[in-house]
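Protein sequences, first through last, are from chains A and B.
Under my numbering, think of the first position of the first sequence as 1, with each following residue one higher.
Under my numbering, think of the first position of the second sequence as 1, with each following residue one higher.
Bear in mind the hints are in silico, worked out from the structure with no lab data behind them.
Fair warning: this is a prediction, and the values are worked out from it, not measured in the lab.
There could be a bad hint or two in this list.
The list makes no distinction among identical chains, and a pair is therefore deemed to hold if it is satisfied within one copy or across any two copies.
What the hints assert, rightly or not - Simulated pairs of lysine-lysine, DSS-like, Cα-Cα distance not exceeding 30 Å:
(1) LYS192 <-> LYS267
(2) LYS54 <-> LYS267
(3) LYS192 <-> LYS61
(4) LYS60 <-> LYS267
(5) LYS47 <-> LYS272
(6) LYS60 <-> LYS272
(7) LYS267 <-> LYS47
(8) LYS47 <-> LYS229
(9) LYS243 <-> LYS200
(10) LYS267 <-> LYS209
(11) LYS47 <-> LYS60
(12) LYS267 <-> LYS61
(13) LYS243 <-> LYS192
(14) LYS200 <-> LYS54
(15) LYS200 <-> LYS229
(16) LYS200 <-> LYS272
(17) LYS243 <-> LYS267
(18) LYS272 <-> LYS61
(19) LYS200 <-> LYS47
(20) LYS229 <-> LYS209
Protein chains: 2
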Amino acid sequence: MSTPRPVFFVSDSTGITAETVGHSLLSHFEDEAFDETILSFIDTETKASNAIDKIARAGKKTGMRPIVIETIINPAVRTIIQQSEAHVVDIISTFLNPLEEFLGRPANIRIGRPEISADHGRYQRRIDAMQFALENDDGRRLEHYGQADIILVGISRSGKTPTSIFLALQANVYAANYPLTDDDFDRPVLPKALEPYREKLFGLTIEPKRLNQIRDGRKANSGYASLRKCEDEVRMAEALFRKYGIPFIDTTRLSIEEISTRIIVDKRLREKISTV
Amino acid sequence: MSTPRPVFFVSDSTGITAETVGHSLLSHFEDEAFDETILSFIDTETKASNAIDKIARAGKKTGMRPIVIETIINPAVRTIIQQSEAHVVDIISTFLNPLEEFLGRPANIRIGRPEISADHGRYQRRIDAMQFALENDDGRRLEHYGQADIILVGISRSGKTPTSIFLALQANVYAANYPLTDDDFDRPVLPKALEPYREKLFGLTIEPKRLNQIRDGRKANSGYASLRKCEDEVRMAEALFRKYGIPFIDTTRLSIEEISTRIIVDKRLREKISTV
Chain A
1 MSTPRPVFFV
11 SDSTGITAET
21 VGHSLLSHFE
31 DEAFDETILS
41 FIDTETKASN
51 AIDKIARAGK
61 KTGMRPIVIE
71 TIINPAVRTI
81 IQQSEAHVVD
91 IISTFLNPLE
101 EFLGRPANIR
111 IGRPEISADH
121 GRYQRRIDAM
131 QFALENDDGR
141 RLEHYGQADI
151 ILVGISRSGK
161 TPTSIFLALQ
171 ANVYAANYPL
181 TDDDFDRPVL
191 PKALEPYREK
201 LFGLTIEPKR
211 LNQIRDGRKA
221 NSGYASLRKC
231 EDEVRMAEAL
241 FRKYGIPFID
251 TTRLSIEEIS
261 TRIIVDKRLR
271 EKISTV
Chain B
1 MSTPRPVFFV
11 SDSTGITAET
21 VGHSLLSHFE
31 DEAFDETILS
41 FIDTETKASN
51 AIDKIARAGK
61 KTGMRPIVIE
71 TIINPAVRTI
81 IQQSEAHVVD
91 IISTFLNPLE
101 EFLGRPANIR
111 IGRPEISADH
121 GRYQRRIDAM
131 QFALENDDGR
141 RLEHYGQADI
151 ILVGISRSGK
161 TPTSIFLALQ
171 ANVYAANYPL
181 TDDDFDRPVL
191 PKALEPYREK
201 LFGLTIEPKR
211 LNQIRDGRKA
221 NSGYASLRKC
231 EDEVRMAEAL
241 FRKYGIPFID
251 TTRLSIEEIS
261 TRIIVDKRLR
271 EKISTV
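Based on the sequences and whatever the hints tell you, model everything.
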């Protein structure tokens with residue numbers, strides 16, 4: 001196994017964007033091995049100098065030129081990072097000059113973080129949506145279904161809770177959820193509590209084998225986790241979705257981000273997020 | 001007020017990365033008005049053609065050339081999007097050629113999503129971490145503190161719950177939390193339940209005025225929400241943090257992403273995420 005090449009995601013904020021874009025770029029070189037480090041909050045010239053020293057040391061140690069993927073806003077800080085001997089990928093400023101030309105005006109570089117206070121309202125809605133997801137987890141408060149933008153329906157461990165929370169974080173969506181249990185399968189009819197909210201329902205399903213693994217991780221060798229039980233529940237849940245025309249999605253091979261975005265697009269939960 | 005210029009974030013996946021990078025770019029032009037649309041799952045040539053039609057219509061309607069910010073992987077799909085009359089910002093492929101030259105090998109373009117099964121372990125840890133945050137919310141299960149990577153300590157509405165959940169999502173961190181209540185302020189000593197875990201504690205605080213607004217949004221005009229009560233609680237919490245040398249952060253002007261990253265960096269919770 002060859003030495004992995006050092007990669008640094010460098011940001012004057014969290015580094016989350018640099019890491020995400022960086023992973024997307026590096027995933028095109030699957031035969032290369034990379035050793036990744038995120039350097040967050042590199043927001044002064046001193047920190048930038050320390051960062052390039054660190055990057056240089058990694059280069060020396062491995063005998064390989066490092067890669068730096070950065071999203072730094074402050075020009076003085078960015079200039080120092082660009083003096084690094086690494087191969088520097090500059091996610092933001094690469095596109096700023098062409099945008100300045102296109103818009104016919106100079107970019108104004110705001111150093112430091114924007115005043116968040118103006119943004120408190122929007123931010124608070126995100127927190128409120130998250131709180132709503134938590135308080136309405138697992139059908140605990142059926143009386144709040146009226147306030148929900150969407151009600152996720154599915155059997156235990158099909159992904160309802162993480163999806164509700166991510167819907168809140170991503171797009172301020174108020175998501176409640178309703179767990180299908182054995183009681184609901186006695187007769188293949190829509191649970192009474194859901195009747196008034198047919199338009200808000202969205203089903204989650206999952207491959208029985210995968211469900212079996214997940215449940216086994218929580219209650220090993222239980223009846224609840226058995227493949228037989230998983231197969232029965234999945235079949236009954238999907239039959240219910242089909243009978244009542246409830247749209248549903250198989251979560252087995254999707255990330256939370258993808259599940260959440262597909263639901264937003266399918267149910268047109270946010271005007272600005274769509275497909276064609 | 002001038003007509004906002006249409007902006008499209010276009011992706012063959014969720015569009016979350018295109019939107020994040022796009023916002024970062026557009027925030028440099030604060031005097032311009034933009035009308036933003038996310039086009040997710042543009043993963044076929046047909047969808048790409050429909051997308052550029054939609055973009056062209058927006059251009060015609062407003063009389064302004066739109067901006068397209070895209071992260072499309074599939075070259076055939078990307079080529080179509082690039083034929084749009086818009087100003088196209090191509091986040092991924094702009095950097096691929098230089099990276100190919102640097103690494104001395106061609107990028108292999110994987111069309112379609114990677115097999116997630118190999119990734120199930122890592123993915124499951126993320127879900128497990130999220131589940132841990134939910135089950136350990138608000139000090140419900142003190143007996144699980146041993147398993148926690150970190151225990152967030154703070155008064156009601158200081159941001160403990162959203163931060164715990166985001167720590168899980170971002171970096172698989174197992175975060176529990178402990179709510180400081182009036183009982184804990186009777187005597188200014190560390191709550192007994194926290195004694196064995198001094199090293200894992202991290203405090204959250206918030207400006208009393210902002211706390212007052214948030215609490216008022218939940219229980220208007222209550223004693224709980226009063227500015228006086230907020231001031232008292234914040235003062236006592238911060239005194240406790242200082243007395244016991246518990247590191248803490250003021251969440252008032254920070255996003256969840258920033259709070260989470262600062263905690264990871266300060267407490268060295270993840271080897272790969274640091275500052276210098």
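A quick look at each hint next to the structure:
With identical chains, the CA atoms of LYS192 and LYS267 are at most 30 Å apart within one copy only, with a shortest distance of 22 Å there and 48 Å across copies. Only between protomers do LYS54 and LYS267 lie at most 30 Å apart by alpha-carbon distance; the minimum there is 20 Å, versus 48 Å within a single protomer. In this assembly of identical chains, LYS192 and LYS61 lie within 30 Å of each other by CA distance neither inside one copy nor across copies; the values are 65 Å within and 47 Å between. Proximity of LYS60 to LYS267 under the C-alpha cut-off of 30 Å is restricted to the inter-copy arrangement: shortest distance 28 Å between copies versus 53 Å within a copy.
Proximity of LYS47 to LYS272 under the C-alpha cut-off of 30 Å is restricted to the inter-copy arrangement: shortest distance 17 Å between copies versus 38 Å within a copy. In the homo-oligomer, the alpha carbons of LYS60 and LYS272 lie at most 30 Å apart only across protomers (19 Å), although the nearest pairing inside one protomer, at 47 Å, exceeds that limit. With identical chains, the CA atoms of LYS267 and LYS47 are at most 30 Å apart between copies only, with a shortest distance of 19 Å across copies and 46 Å within one. In this assembly of identical chains, the alpha carbons of LYS47 and LYS229 never lie at most 30 Å apart, being 56 Å within a copy and 40 Å across copies at closest.
Proximity of LYS243 to LYS200 under the C-alpha cut-off of 30 Å is restricted to the intra-copy arrangement: shortest distance 16 Å within a copy versus 50 Å between copies. Taking the closest pair of Cα atoms, LYS267 and LYS209 come within 30 Å of each other only inside a single copy of the chain (28 Å); across copies the shortest separation is 38 Å, beyond that limit. Taking CA atoms no more than 30 Å apart as the test, LYS47 paired with LYS60 passes inside one copy only; the shortest distance there is 20 Å, against 47 Å between copies. For the identical chains of this complex, LYS267 and LYS61 are inter-copy neighbours only, at 26 Å across copies versus 52 Å inside a copy, given an alpha-carbon limit of 30 Å.
Taking the shortest alpha-carbon separations for LYS243 and LYS192, only the intra-copy value of 15 Å comes in at or below 30 Å, while the best inter-copy value is 54 Å. Only between protomers do LYS200 and LYS54 lie at most 30 Å apart by alpha-carbon distance; the minimum there is 28 Å, versus 52 Å within a single protomer. In the homo-oligomer, the alpha carbons of LYS200 and LYS229 lie at most 30 Å apart inside one protomer (28 Å), although the nearest pairing across protomers, at 40 Å, exceeds that limit. In this assembly of identical chains, LYS200 and LYS272 lie within 30 Å of each other by CA distance solely inside one copy; the values are 19 Å within and 41 Å between copies.
Within a single copy, LYS243 and LYS267 get their C-alpha atoms as close as 19 Å, which meets the 30 Å cut-off; across copies the closest is 51 Å, which misses it. For the identical chains of this complex, LYS272 and LYS61 are inter-copy neighbours only, at 17 Å across copies versus 48 Å inside a copy, given an alpha-carbon limit of 30 Å. For the identical chains of this complex, LYS200 and LYS47 are inter-copy neighbours only, at 27 Å across copies versus 50 Å inside a copy, given an alpha-carbon limit of 30 Å. For the homomeric pair LYS229 and LYS209, the shortest alpha-carbon distance inside one copy (11 Å) is at most 30 Å, but the shortest distance between copies (53 Å) is not.
Checked against the numbered hints listed earlier, the structure breaks hints 3, 8; every other hint is satisfied.
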